[in-house]
Amino acid sequence: MAYGKKIKKILYGGDYNPEQWPEEVWQEDVRLMKKAHINMVTLNVFSWAALQPDEDVYDFEKLDKIMELMRSEGFLVCLATSTGAHPAWMARRHPDILRTDAEGRKRRFGGRHNSCPNSPTYRHYAAKLAGKLAERYRDYDNIVAWHISNEFGGECYCENCERAFREWLKKKYGTVENMNRAFYTAFWGHTFYDWDEVVPPNFLSEHFRSQSGEERTMFQGISLDYRRFNSDSMLECFCLERDAIRRVMPQVPVTTNLMGFYKPLDYQKWAKEMDFVSWDSYPHPEDSPAEVALNHDLMRGIGGQDSFVLMEQTPSVTNWHPYNRLKRPGEMRLLSYQAAAHGADAIQFFQIRRTMGACEKFHGAVIDHAGREDTRVFREITQLGAELETLQDVFLEGRTPSEVGILFDWDNWWAVEYSAGPSVRMKYLDAVKDYYTAAFSMNVPVDIIGAEDALTPYKVVIAPLLYMCKSGVAERIRSFVENGGIFITTYFSGIVDEHDLVYPGGYPGPLRDVLGIWVEENDALPDGEENCFVYEGAQYPAAVLCDLMHLCGAEALASYGRDFYQGTPVITKNTLGSGCAYYVGTRSDAAFYRHFLKNIFRDAGVQPPVTVPEGVEAAVRGNDRNNVLFLLNHTGAQTAFAAGGAWENLLTGETYQAGQTLVLEKNGVLVLKNGG
Amino acid sequence: MAYGKKIKKILYGGDYNPEQWPEEVWQEDVRLMKKAHINMVTLNVFSWAALQPDEDVYDFEKLDKIMELMRSEGFLVCLATSTGAHPAWMARRHPDILRTDAEGRKRRFGGRHNSCPNSPTYRHYAAKLAGKLAERYRDYDNIVAWHISNEFGGECYCENCERAFREWLKKKYGTVENMNRAFYTAFWGHTFYDWDEVVPPNFLSEHFRSQSGEERTMFQGISLDYRRFNSDSMLECFCLERDAIRRVMPQVPVTTNLMGFYKPLDYQKWAKEMDFVSWDSYPHPEDSPAEVALNHDLMRGIGGQDSFVLMEQTPSVTNWHPYNRLKRPGEMRLLSYQAAAHGADAIQFFQIRRTMGACEKFHGAVIDHAGREDTRVFREITQLGAELETLQDVFLEGRTPSEVGILFDWDNWWAVEYSAGPSVRMKYLDAVKDYYTAAFSMNVPVDIIGAEDALTPYKVVIAPLLYMCKSGVAERIRSFVENGGIFITTYFSGIVDEHDLVYPGGYPGPLRDVLGIWVEENDALPDGEENCFVYEGAQYPAAVLCDLMHLCGAEALASYGRDFYQGTPVITKNTLGSGCAYYVGTRSDAAFYRHFLKNIFRDAGVQPPVTVPEGVEAAVRGNDRNNVLFLLNHTGAQTAFAAGGAWENLLTGETYQAGQTLVLEKNGVLVLKNGG
Amino acid sequence: MAYGKKIKKILYGGDYNPEQWPEEVWQEDVRLMKKAHINMVTLNVFSWAALQPDEDVYDFEKLDKIMELMRSEGFLVCLATSTGAHPAWMARRHPDILRTDAEGRKRRFGGRHNSCPNSPTYRHYAAKLAGKLAERYRDYDNIVAWHISNEFGGECYCENCERAFREWLKKKYGTVENMNRAFYTAFWGHTFYDWDEVVPPNFLSEHFRSQSGEERTMFQGISLDYRRFNSDSMLECFCLERDAIRRVMPQVPVTTNLMGFYKPLDYQKWAKEMDFVSWDSYPHPEDSPAEVALNHDLMRGIGGQDSFVLMEQTPSVTNWHPYNRLKRPGEMRLLSYQAAAHGADAIQFFQIRRTMGACEKFHGAVIDHAGREDTRVFREITQLGAELETLQDVFLEGRTPSEVGILFDWDNWWAVEYSAGPSVRMKYLDAVKDYYTAAFSMNVPVDIIGAEDALTPYKVVIAPLLYMCKSGVAERIRSFVENGGIFITTYFSGIVDEHDLVYPGGYPGPLRDVLGIWVEENDALPDGEENCFVYEGAQYPAAVLCDLMHLCGAEALASYGRDFYQGTPVITKNTLGSGCAYYVGTRSDAAFYRHFLKNIFRDAGVQPPVTVPEGVEAAVRGNDRNNVLFLLNHTGAQTAFAAGGAWENLLTGETYQAGQTLVLEKNGVLVLKNGG
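Chains as they are written, first to last, in numbering that gives the first Met the number 0: chain A, 0 to 675; chain B, 0 to 675; chain C, 0 to 675.
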């Protein structure tokens with residue numbers, strides 16, 4: 000639902016920091032924003048020091064002026080609580096708000112996202128400020144949402160956190176004995192006799208760098224719990240501020256800006272506490288269109304497949320990559336429509352006016368250092384603004400009609416990458432991208448679902464590298480398959496429970512019967528070394544990990560081509576009830592995943608919305624009013640193809656007949672609806 | 000002597016951790032171990048927390064049960080003292096047992112091998128536990144050895160260590176003046192006036208990272224002494240436990256599991272305090288057969304060339320390499336016989352039953368997570384067990400008839416790699432492997448000897464990169480050569496004394512007259528750059544370091560082919576008394592070392608035991624009963640060749656006539672004795 | 000003026016540490032030094048611990064003997080104050096002298112250059128020692144200079160520095176508000192309300208590692224100020240010692256040994272406080288002749304283009320590079336004459352006699368470990384000594400007749416490389432070397448000038464990557480051009496003021512009108528990716544950063560060849576008054592810079608002193624007596640060419656006629672003057 004049902008247009012705007020500028024500049028900003036068709040601003044993201052100059056002193060004077068200006072000029076406002084960075088005076092007087100890092104170093108004042116989430120000072124003052132803001136601006140009906148803090152993240156290992164972690168464990172396990180079992184402390188004699196013997200797992204205790212530099216732990220159980228605890232601690236901070244606001248303005252939705260595949264925070268748990276999902280999309284220049292789309296789909300998925308807000312993107316350039324490439328002409332527009340195609344109901348920039356100092360001064364903005372409106376970037380922003388105005392609410396609250404679900408689980412991500420063995424080359428995101436990218440290349444829409452989500456809405460469910468099979472998951476998979484679903488999983492799945500304790504009896508543990516196999520061994524291959532297999536006449540590589548398995552009911556679709564396990568199964572299919580379950584026992588290449596999923600989708604009757612040339616993305620969003628088709632040209636060149644039906648171009652009003660040649664410019668976009 | 004003269008069979012078994020399992024599993028374990036022909040177990044490696052739940056509370060109940068079960072089921076026991084990891088409660092109550100790392104960070108509870116070796120708490124409680132265990136199980140005559148702690152290692156820089164280091168220095172040097180001379184503190188005005196001014200050399204004081212990442216020191220003297228002190232401190236811990244046991248059970252030998260070329264501990268000094276040597280062999284997947292053999296030979300060498308125990312190896316896979324490759328079919332058997340061929344009297348695994356949690360759960364075991372006996376690994380273990388049973392004591396206590404000694408010295412290792420200049424590319428182990436690998440490829444048996452060991456047993460002594468020439472060594476080399484020995488050393492040798500102080504008068508210092516040369520300069524070459532020389536008509540590369548030398552009695556066997564020192568000697572030979580001494584003034588390639596040593600061995604009359612194809616290892620062990628010949632197929636393929644004599648196959652009873660074709664399967668092994 | 004006008008010969012010698020040796024060695028040293036034509040020594044560089052064994056105890060006995068010996072044997076002395084490393088007892092009793100590193104770790108005793116520059120203890124005792132030395136040796140008229148401490152460097156973040164930094168800021172900014180503006184603290188709510196809220200910017204506060212490992216900051220303003228403060232703090236230490244000496248011996252010049260392009264210290268500010276510049280030249284084996292020359296020219300430039308002292312170079316080899324290559328025969332001589340050609344009036348070595356212990360024992364020396372005079376290195380030193388004796392004062396105080404200035408500014412160096420975006424590949428020294436190397440390859444002499452230096456002496460001024468345009472600089476550039484100068488600058492110039500705050504209105508800020516362009520965007524290219532352009536018919540690459548610009552009066556000399564900005568200007572020329580200004584909007588390759596500068600020099604009428612083959616350096620120094628031409632053969636082979644005029648060979652007395660063939664041996668040198 001994003002900004003809420005009463006918003007009947009696509010919001011367009013971004014972070015605005017007038018407090019960095021003299022007031023005479025504000026009028027010019029208003030003029031330029033209007034020229035660019037901007038209709039909303041996010042305010043007050045980093046002003047704690049200004050709003051609260053001292054323990055009991057608050058100063059809203061400048062913010063009052065800004066709020067008043069925005070209201071009078073007709074801008075909607077997403078109002079931030081400013082708690083993403085604490086004031087310097089607070090750090091000096093209350094060192095408990097400063098974090099301690101994973102090497103045990105107490106940090107000093109500096110940076111942002113710098114507050115210990117278990118600091119009583121931080122919690123007290125943050126919630127108090129949120130409440131005060133809500134009270135002060137409760138009557139501003141142009142506030143469309145509250146934005147808590149900013150990009151929550153990082154981790155802390157201070158004494159406050161240590162104490163809170165012990166309490167968290169006590170609540171979770173009840174007895175030290177239960178905790179010992181879950182942590183498997185009989186190993187290496189790590190048995191705890193008292194909660195107070197627990198120390199946070201970090202580089203001073205259980206963590207270390209692997210030979211190849213990855214952070215690893217000697218006790219996965221406690222390390223997983225610390226990740227959960229750290230995520231929960233920050234989520235509590237979010238909730239404290241949210242509740243302080245809700246008490247005053249219960250009608251306005253509350254969010255915070257997430258960051259896609261951000262490992263430290265379990266966003267699936269967070270989204271349950273947020274009124275809607277918003278996120279900041281900063282793809283790396285080398286990310287593929289599929290990788291960008293996957294992030295959008297994850298963000299849509301955590302919110303129950305509801306629409307979301309693109310809270311931040313750069314209009315042109317970032318500043319924090321090793322090299323910061325300009326978005327090419329049309330690229331920002333293309334990425335904006337891609338966001339919309341995957342569920343965004345608002346398109347926002349960081350930021351409106353470029354800062355003149357500090358580390359983000361070379362980050363792109365709507366209004367550049369030159370302060371001119373005759374820039375390429377401003378022109379492109381203006382064009383997009385006009386288009387979005389044209390589109391009004393045509394796709395708002397539209398949903399993606401996915402018949403395929405890919406399971407993604409933060410606990411599993413953490414667990415796979417804390418695992419000591421079989422290979423540091425085994426990365427959870429790689430496995431997820433393997434399958435997602437194949438589906439994306441065929442324009443088959445995918446929902447990213449969590450381990451607790453229902454499988455029943457889907458024809459096909461893919462759970463790549465489902466190393467950790469949490470309680471209930473195997474049962475739901477079995478039932479899904481028995482009732483006709485197609486399930487796919489991969490190497491090194493079904494290994495451990497939610498405590499990272501191995502399921503006895505052989506791999507893939509609770510999935511053995513669904514898959515009809517027993518995996519006896521896992522062979523890890525070094526970089527540059529591959530096995531191979533033949534699938535339907537084509538040879539594909541097997542890399543990273545090769546599972547050595549026995550058929551226990553399943554049939555082999557392909558076998559290893561080399562080494563001592565030559566001829567043993569690598570891909571299997573097991574029929575169960577009216578469905579079937581596939582196991583892909585190794586990591587292969589993009590050509591294989593596309594070949595394999597093509598067959599799966601054919602068997603399942605899953606189809607793309609239209610047929611378009613390679614490199615053109617076709618995505619549908621449907622609401623109770625329209626089914627909107629987005630065609631997005633990622634090919635890097637002009638492309639022409641025959642229209643697959645009769646369509647109306649929502650931006651130009653043109654209509655196309657089936658068979659008529661459509662032309663997509665380089666980075667071009669068509670927003671269509673059926674008929675014409 | 001390994002487990003002692005009363006053991007008349009090859010022991011076969013490994014680490015067993017029944018305390019991680021419910022008792023009902025124990026019976027199944029016993030059944031499976033017996034099926035696999037396992038006859039011994041190592042118990043109690045990590046149970047300190049279980050055995051001592053509190054300051055004055057000890058609880059042996061579960062261990063009693065396990066010990067009783069093992070005795071009643073007929074298993075021999077290697078009993079560990081459990082002090083390899085301290086209990087959590089002890090860390091909380093006695094922080095002095097926690098180590099401080101090389102960056103000055105006090106560690107917290109976590110990991111293993113985590114106790115400060117100079118902690119009074121640790122020393123007190125560790126020795127007390129060892130004594131209590133000895134008293135409790137003194138009547139178990141199935142105890143074949145005591146196993147102190149586990150894989151001693153690491154280092155500590157805490158305040159306890161600082162104080163102990165000062166005492167250690169005081170004892171070594173007597174006066175501050177002597178210490179100043181040894182440390183060369185006149186340099187950079189580092190003169191100490193009081194023992195208490197000494198601080199441990201680490202990254203907060205004298206150590207730093209070189210431009211290419213290596214740890215280096217500004218004062219080699221103090222850094223070498225800290226390495227010696229740290230090794231001695233841990234050795235004292237070993238001795239304290241050993242003595243606590245000896246007071247009660249003087250008849251049972253005491254060991255601890257070493258780790259081959261483990262840099263921090265001077266095992267040559269350690270072995271003098273151990274009743275027998277045992278070690279854990281975990282070759283990296285990329286290690287060559289020669290590198291594995293070299294480790295065995297080192298471990299045999301530190302024990303005075305006596306047989307040793309292979310305390311741990313994995314049956315299939317490790318978990319801590321970046322990628323963990325399965326041992327191929329036959330590979331574990333091949334490596335086990337290789338260990339035996341180089342001096343092992345027992346073959347043991349880590350571990351019997353695979354753990355279900357924590358960081359070693361993906362390390363291979365006799366009994367896998369599946370708990371099944373129909374696995375490839377279990378079958379191979381069973382086969383090997385049966386074979387070892389067949390062999391009985393045929394090679395026990397057998398010695399390797401080596402006529403070649405390679406000198407290896409921990410002090411020299413430390414010193415070479417603390418050296419600031421001439422090249423970080425100059426690595427001691429590389430130089431040792433160069434010569435060892437050449438001899439290994441010709442199946443010439445080699446003893447690895449220490450700087451204090453006698454040279455007289457050998458025809459040829461090689462001292463690669465003998466940078467540090469400790470007192471007495473040059474004299475013994477001279478006498479060895481004068482009496483007919485062949486001595487070989489290399490570039491950058493004879494440079495410093497045991498304090499890392501340069502010998503005046505020109506390189507190679509005290510070896511100048513034996514070698515008949517003067518090395519004027521050392522030219523370090525960058526990666527990828529080489530000089531060259533011609534040796535007996537073949538051209539070889541010169542890399543890493545090129546010594547520029549003058550003949551002072553020696554003759555040149557080869558000269559540099561390029562650069563301004565073209566035509567000056569690179570390999571020299573000096574005749575002295577009835578022997579001769581060679582100097583190889585650069586690092587070359589494997590072909591050269593083989594060519595060169597072939598000539599040396601020919602001149603010395605050193606021969607391999609038999610002639611076999613390339614890639615087949617032939618090694619002999621002889622005791623007062625048999626001369627056993629091991630043929631080990633490392634070629635990676637089946638190999639056939641003519642028997643060089645009449646042999647009896649000790650595993651099958653077959654006999655072979657000279658000239659008869661022998662077939663070695665891939666990874667195959669033949670255990671033979673003369674006659675047939 | 001270097002050692003002063005009364006020195007009428009080239010000083011030749013180096014660091015001498017007799018305190019490391021027994022007195023009987025001293026006589027041999029004297030003999031060898033005289034043999035090598037050495038006429039001066041630098042004494043007492045690291046003897047603080049010896050000179051001050053306790054709080055109030057000083058012991059000059061050994062130094063007295065050394066000073067007396069040097070005087071009686073006729074050696075001139077550069078006397079060091081010994082404060083480059085503090086005594087161990089001082090570190091133990093006064094921990095405030097120990098530094099705290101950028102990660103907040105308090106260091107312990109060890110290393111050198113280890114004193115906190117703001118430690119009251121250090122300042123007190125260092126100045127006191129300097130004063131005592133001056134008083135004791137005031138009557139030694141063979142002291143030609145005082146040498147304060149040694150290679151000042153590094154940085155400290157301790158509590159003393161924190162307090163001093165706040166005072167430094169208070170003095171600079173007057174009010175917290177001014178400081179907030181300069182630091183742009185409105186960003187991220189970093190507003191300070193009190194000086195005491197300021198903490199040093201380091202890895203515990205504002206600094207972090209970029210994805211590619213570079214140190215970066217979140218607030219450039221405070222980080223720049225900390226660099227300035229740290230440089231100033233050490234400079235204060237220098238001045239304190241200098242003043243203590245001047246009070247006693249005002250007639251003797253005071254220096255300290257600098258290190259060329261040493262980033263932490265703003266040598267342009269330092270040189271103002273030094274009586275003459277001296278520096279230590281340790282080129283990396285891979286440095287080009289141009290890079291070595293550039294360092295000399297920088298060192299000459301900071302001293303107002305006066306002559307300088309080559310305080311240290313190695314006669315043969317260093318010890319601290321990853322691999323330490325020997326200087327080839329003639330290479331030390333070639334480098335020594337190159338130093339002289341670029342302004343050195345003295346040639347000195349580190350060191351006279353090689354140390355026998357600690358980390359510099361493998362650093363080359365005049366007298367090697369062998370202690371022999373029949374070494375290659377000693378012979379070369381002796382030859383050079385004889386030559387320098389021959390030359391007497393022929394080029395002393397000679398100046399380089401440069402018509403080209405390259406602007407180099409420490410603040411700009413710091414700022415460019417603290418910048419978050421657009422590319423970590425953008426490195427200031429690379430940009431400077433691009434232009435310098437091109438000029439060097441044409442033997443066009445260049446002065447390296449600072450941001451405050453006059454531009455009027457030059458025909459051409461190049462300011463590569465002038466990111467930070469400090470106050471007054473743009474004005475001086477404009478006036479320079481208007482009056483007929485040729486000015487060149489590059490991509491990403493004119494962006495920020497001295498606080499790293501962006502100039503509003505568009506890039507290149509205050510240089511817009513001089514250059515006649517507006518740079519709208521900057522596109523950063525990844526490694527391996529290039530754009531291109533055609534300049535006078537030849538195609539050249541465009542890499543690292545591509546500025547996208549508009550002409551505002553300038554003309555385009557070349558345009559981009561690819562990408563969406565194909566056809567837009569990349570190199571521009573703007574005529575202003577009687578001069579012109581060029582903008583090179585990207586980084587190209589060596590061929591381009593040479594092509595481009597060839598044209599510039601032609602237009603400006605700038606010429607090399609003579610025409611010589613590629614790879615032969617020709618450099619002139621002129622004093623009121625002679626114009627001396629140095630021809631230096633860097634080609635790596637013998638080279639012959641026709642003399643461009645009538646010359647006299649100052650080393651041999653030979654004369655050459657114009658057109659006569661001159662032969663330069665490999666690494667050869669000719670020192671010539673006009674006529675013959």
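Please note that the accuracy of each hint is not assured.
Pairs involving identical chains hold if they fit within one copy or between any two copies, as the list cannot separate such chains.
Lysine to aspartate or glutamate pairs mimicking EDC-like chemistry, simulated, CA-CA at most 20 Å apart [stated by the list, open to error]:
#1 Lys262 x Asp58
#2 Lys469 x Glu386
#3 Lys271 x Glu214
#4 Lys105 x Glu161
#5 Lys105 x Glu158
#6 Lys271 x Asp512
#7 Lys458 x Asp286
#8 Lys105 x Glu416
#9 Lys61 x Glu176
#10 Lys5 x Asp305
No lab work stands behind these hints: they were computed from the structure.
Taking the hints in turn, this is what the structure says about them:
1. Lys262 x Asp58: neither (36 Å within a copy, 43 Å between copies)
2. Lys469 x Glu386: neither (46 Å within a copy, 44 Å between copies)
3. Lys271 x Glu214: neither (29 Å within a copy, 38 Å between copies)
4. Lys105 x Glu161: both (14 Å within a copy, 16 Å between copies)
5. Lys105 x Glu158: both (10 Å within a copy, 15 Å between copies)
6. Lys271 x Asp512: neither (33 Å within a copy, 56 Å between copies)
7. Lys458 x Asp286: neither (29 Å within a copy, 49 Å between copies)
8. Lys105 x Glu416: neither (26 Å within a copy, 27 Å between copies)
9. Lys61 x Glu176: between (56 Å within a copy, 17 Å between copies)
10. Lys5 x Asp305: Intra 16 Å, inter 76 Å, cutoff 20 Å: intra-copy only.
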